Each structure stands twice: as structure tokens, then as C-alpha cells.
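Going down the list, the sequences are from chains F and E. Taken in order, the first sequence gives residues 106 to 353; the numbers are from the working numbering. Taken in order, the second sequence gives residues 186 to 455; the numbers are from the working numbering.
Everything labelled a hint here was simulated from the structure, so no lab data went into it. Mixed in with the good hints there might be a few duds.
Simulated coverage check for chain F against chain E, where a stretch passes if three residues somewhere in it have a Cβ under 8 Å from a Cβ of chain E [stated by the list, open to error]:
1) 194-207
2) 304-311
Away from chain E, derived, C-beta distances all over 10 Å, residues of chain F [claimed, not checked]:
3) 168
4) 187
5) 266
Keep in mind it's a predicted model, so treat the numbers as computed, not measured. Just so it is clear, CB atoms sit at the ideal spot from N, CA and C, and this is done for glycine as well.
One letter stands for each residue in the lines below.
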Amino acid sequence: MDVIYDWFRQLYIDHGINLTIVYDRFDRNRMLGGLWTTIKLSLTCLALSVLIGLVGAWLQGARSVLLRAVVQGYIQFFRNTPPLVQMYFFFFALGSLMPQVRNEFGFTQPMIDNYTWAIISLSFFAGAFNVEIFRSGIEAVPKSTVEAAESLGYTRLQSYIHVVLPLAFRVCLPALNNNLVNLVKTTTLAYAIAVPEMLYVANQIWSDAVNVPEMMTFLLFAYVALVGILVWVMRKWEQSMALPGYGR
Amino acid sequence: MLRTTVSVTALALGCLLVGAPEAQADVMEAIKERGTIVVGIRADYRPYGYLGPNGENIGIEPTLARDVAERLGVDYEFVPVVAANRMEFLQQGRIDLMIATMTDTAERRRVVNIVEPNYYSSGTNLLARKGIGVSAWEDLRDRPICAIQGAFYNRKTQEEFGANLIAFTGTAEVLTALQQGRCQAFVYDDSFIQARLQEPEWADYEMPVETIDDAPWGLAVAHGEDNFYAFMSEVIEDWHRTGKIIALEEEYGVDPIPFTRRMHEEFSAN
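Chain F on its own, in the form it takes in the complex (with noise of 0.2 Å):
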């Protein structure tokens, strides 16, 4: 390892390119951090998110007023304001509202962490979107499909679980995917509430070390990896669902 680390030194002083993340060890393991915390952020809202645009669009079919009334509030809400206002909502506004809990120094803090209310924001934000996407599939889905297992005795639940979502699913892919790539993005945002991920450390680390043009061209190269997993396995998923005369 130490070869490398100091080809990298050498690649500063000979050329000027500074990558402290790869031989400076605190800058290193800042932004290994960085990494991880915006892995963890991804997959946790990226769940939480089509969890809601799951649920959400079942609740948007059901037969009480209120209950489709909340859901449209809610997506107005979420899909209207931006996610960096809403963050900064939650986190300041909401936040200070919430039960207070003892820490260990015996001091009190809000109960909700910035962590957390970036994984609820960005969750809730890319939820209300998916809501829309996943209607989008079920409208697409032929009424006499749904009335053929009506009269099979489905009841609404089941026939959404095992009739409508399946096939709703193949058609919305395509604009799921979009939606869920922007939300991986969208994690950055988080930096305002100070979630150590990686444009946050990037952005100290480009402070400490001045090191700019370096730091901004890691980030670019290290989001297109990440979203271009994210777009590969989503690929993957859509392959294996493919069913033969349907979509593509």
C-alpha cells in the first residue's frame, strides 16, 4: 500500500495533482466514511422511498375520501417544496418541536438526529414522486385484467399484490429508475444538515487541503459509479421480470 500512497505523493509534488484521500490517511478515512454514510443513505431511502410509492398508490385506489385526500396532500407537500428547504425544515423547525432526550453528558437534545431526518426527508421527498410513478403503472394496467380477478374472488389487497403491482411494476420501471437515480443524487443535500457524506467531507477536504478541481472531478467519477450500480442492477431486475409479449 505504502507504494501507492507514495506514487500519489509524487504525482502532487512532480505534477500538482493533490489526492490527499488516497495518501493522506485522515483525509482517507474521512472520505471512506464519507463513502459509506452515503451508501447507507442511498439504500435505506431508496427502500423506504418505493416502500411509500408502494403503499401510497394503494391508498390513492381506496374507497375513503379522507384517505385520498391525505395521500394528495401529502404528495403536494413533498413534490412542491424543494429537498433542501424541507431539510432544513425538518431539521430546525420540526426538529426542535420533538421530545427532548437526555444524552450521556446529561445535557438535552432533540430525539430526531440529523442523520435520521435526512433519511425521513429524502425518503418521504422521493416517496411522493414514486406515488406518481406507480399510479402511472396501475392506470396502465387493463381493467378487464383487474375484473378477471375480481371475479376470481380477489379481494382489492390481493388482486393489487398479486395482479395489478406485477404487472404495473414492468411498465413503471423505466421511470422508477429515473426517479431513484435522482434520489442517489439528491443525498447531498444532506451536507446542509451536516450528514458527514461525501460532499461534505469533499467539501472540507477541498477547504483543508485546497485541493478543488481534484476533489470536484472525485465526486463526478464517484457518483456516476454509484448511480451506474444503482442503474445496472435495476437493469438486472427489469430483465428478470420481463415477460414474454409484454413491454419489451
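Place chain E on chain F using the hints.
Then chain E, alone, in the frame of chain F:
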């Protein structure tokens, strides 16, 4: 962050003003002829320069400026300046003297004539809740500490003192987070912290550790004003010798900083 912005601005100004002509006439003569010295001061930086209840300029630096006027036997006129325009004002001759919380840097010395010795200094300290049990920087280990993103002392606070750093983009966010209990202290410029400690809403807070990474402040005259420079240099030495700045710090409720105490000892000794 603040310092970076300021120094970048200073650098840009420096480039712009490299070709500017230097003042020819002696400003000391001009001041005496006019009967008034025009001093650039801060009006937004409590307790160093701020506005009193009736809108008058008060604070440590305006008091020093009045002292300069008294020594010259002239009247004084104050021009409020901010970090972004203070050096231009001096360059353009709109003020004769600038005493405006300016950190002394090499880039700025190219733009204006910073008078030696330095009259004040600021460094890094903590705005901490009283009773958290921090009395040295090493006590920060594993504690949640707020900071400003990009500040140069963040790394030291993490790497050397082991703090669990929570950095936000601006001071308003940090102060809110601190009041909400999301962190136990805020690591920042001590002059800013001094200013906060004057306000009643920060009564439960204190500055519990020794200031580190001290950087001196310089008052400045325009380039080419060598007579005025020499005069001001003697004035500053006299302030240090007589302990005037320490007395002013006490008057305005600031604990005398190590720098002023050290300068007082140095100059009063010989």
C-alpha cells in the same frame, strides 16, 4: 470561511489596485488643515465597533479612533466600513485611517499600509454551554461540536482533539443547532464569540479554553503616508505600554485576550 472570503476579496482588490497612484501630499498636514480626521470603523461588530442606543458609534475601536484625534488635536469623523470595502475606502482617500477588525495578512499589506505593531489579535475558541465540563481543548474528545463548513481549524479540532464535528454552512444554522442542544460548543473566531457573549440570550454560555491559532489585527493607513505611519506606530506602542486596550476590553466586557496582555508586558518592560 469568513477569513477565506475576506482574503480572496483582498487579493482581488490587490490585483485591481496595483496600478493606483499613491497619495502625494502628507495626510497628516491635510488632517490638521481640515481640523478633522476621517476614520473608517465597523458599525456591526460588537463590541469592537457598533452603534449605541442613540445611533452613536461606540466600541473599542471608535474609542481608539477618538484617542488618535485627541492626540492630533483635531475633530473626528467616522465612516462605517465593512470587510468588503474597507481597503478601497482607504485607497481612494475617503478615510485617512482604518481601524476595522482587519486581520493582518501578506496580501492585504500589498494593498494598504498596515501599521506595526499590531493592535489586536483574534484566534480560535469555543462558544460552549456552561457546565459541560470542558476546560481544555483535549476535553472535546468524542463530544458533538458544531463548526462552520470549510473553516481551517475544523481538521485540527477533529484530528488532534478528537471532537465529533457537526459542520453547517453558516453561523445562523450553527447558533440554532447549539441552542437546540445538537452540539455542546461551537468552534469559531474568538472575536465573534466575544460578541455573542455580550448578548443576553447567550448568558448561559462561556469561552472555556485558551485561544489558539492567533492571528493579529492591523490598523492601516494608505501606502506612501510614511509620516502618518510613523505617528500611528508610536500611538499603538503607547496604547500597549499604557494598557489602554486592556482597559477598553474590560470596559466593554471582554476578558483581556492573551495578545493584549503579552503586548502590554512587552512594551511596559522597556
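So, going through the hints one by one against the coordinates:
no., hint, verdict
1, 194-207, "holds (count 4)"
2, 304-311, "holds (count 3)"
3, 168, "43 Å, holds"
4, 187, "15 Å, holds"
5, 266, "41 Å, holds"
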